[in-house]
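Q: Chain residues, written in single-letter form:
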Amino acid sequence: EAQVTQNPRYLITVTGKKLTVTCSQNMNHEYMSWYRQDPGLGLRQIYYSMNVEVTDKGDVPEGYKVSRKEKRNFPLILESPSPNQTSLYFCASSFQQGHYEQYFGPGTRLTVT
Amino acid sequence: LAKTTQPISMDSYEGQEVNITCSHNNIATNDYITWYQQFPSQGPRFIIQGYKTKVTNEVASLFIPADRKSSTLSLPRVSLSDTAVYYCLGIDRNGSGNTGKLIFGQGTTLQVKP
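The listed protein sequences derive, respectively, from chains A and S. The opening residue of the first sequence carries number 1 in the numbering used here; numbering runs sequentially from there. The opening residue of the second sequence carries number 1001 in the numbering used here; numbering runs sequentially from there.
By construction, these hints were calculated from the structure, which means they are not laboratory data. This structure is a prediction, so every number in the text was calculated from the model and none was measured. We put the beta carbon where it would ideally sit given N, CA and C, even for glycine. Please note that a few of the clues may not be correct.
Pulled a few chain A residues facing chain S out of the computed Cβ check, cut under 10 Å [said to hold, decoys possible]: (1) 31; (2) 43; (3) 63; (4) 64.
Hey, can you work out the whole structure from these sequences and the hints?
A: Given below as C-alpha cells:
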C-alpha cells in the first residue's frame, strides 16, 4: 500500500531534550516536506526536500533541522525543543517538485513542557 | 509571495451545493491550481487540480476563469461527512523558479448541518 509513515504518533518531552520524528514513504517520491499545524495559523511548511541531499527552508524553519540521505526517509530533528514547538506535525511526499498532489502522513502530536 | 486568500469559514446544509472561492495573487503561468481537504485529526488529502476552465472528478468540480486569478471549488449536494477544512494551495517561487515552497494558509472550515 502506498503510504507515508511517521513515528512517533504522539510524543511528550521536556524543553531542551533533542528529538527526531521520522518520516518514510514507499512511493519512490523525489519531493518530501514537513509541516506544522497550529490552531488559527493553519498548515505551515517547515522544510522541504526536492531530492536526496537537497533541502530548503519553508516558512517556519527556525528551531528545526532536516536531512535527506535516502530517497525514502526525511527525518525532522528538534535539537533543543521549546514549548512553542508544541504542535501537530505532518510529513508529506509527492512525485517531484511542481507536482502538487502530495500524500500526507498521519501526523505526530508533539508536546514540549 | 504567492499568497492565496479564501474565506475562513462557511456553513451549509445537507444536500446543498457549496462553492468555495480562492484568490491567487502572483500565480505563475504554468502553475496548476490545487485543492486539499482535511478532516479532523488527519493529514490533508488531495482532492482536485486544474490549470484552466473546468475540471470534475468524483469528489468535486473546479472552476478556473481565463485570467486564473481565482478558482472555485464546488462540492455538489454536500453531506455531513463533507465537514472539513478545504485549502487552496499557493506556490512561493521567491524569484528562483523553485516550486518547492508551498503555502497552505488557514483554509476554509466548512460546517455542514443536518
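Q: Kindly indicate which numbered hints from before are broken by the structure, ordering the numbers from low to high.
A: Going through the list in order, the structure violates hints 3, 4 and respects the others.
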